[in-house]
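A.B. asks: Sequence:
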Amino acid sequence: MSLVMAETSVMGIPGWRISFHLVGIISVLVGLLVRLFAKDPRFS
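What the sequence shown shows, in the UniProt record's numbering, is residues 1 to 44, in sequence order.
I should point out that these hints are in silico values taken from the structure, not numbers from a laboratory.
The beta-carbon is built from N, C-alpha and C at its ideal position, and this holds for glycine as well.
Distance windows between CB atoms, simulated:
| id | residue 1 | residue 2 | range |
| --- | --- | --- | --- |
| 1 | L3 | S27 | 11 to 21 Å |
| 2 | K39 | M11 | 36 to 46 Å |
| 3 | L3 | I25 | 15 to 25 Å |
| 4 | L29 | T8 | 20 to 30 Å |
| 5 | L3 | G31 | 22 to 32 Å |
| 6 | V4 | L29 | 20 to 30 Å |
| 7 | T8 | F43 | 38 to 48 Å |
| 8 | G12 | R42 | 43 to 53 Å |
| 9 | V4 | G24 | 10 to 20 Å |
| 10 | L29 | A6 | 17 to 27 Å |
| 11 | F43 | W16 | 35 to 45 Å |
| 12 | P41 | G12 | 42 to 52 Å |
| 13 | G12 | F43 | 40 to 50 Å |
| 14 | R35 | E7 | 32 to 42 Å |
Let the sequences and hints guide you as you build the complete structure.
C.D. replies: Structural data, given as structure tokens:
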């Protein structure tokens, strides 16, 4: 998907930057969800 967006521009922002930030935001969200909902059997 990054290669497809790299050539485009959204509101003057290059597509590769949008794709870079999108991956970062998704990573942070997944990390937060794991932190909130995952149970570690060693500490329960």
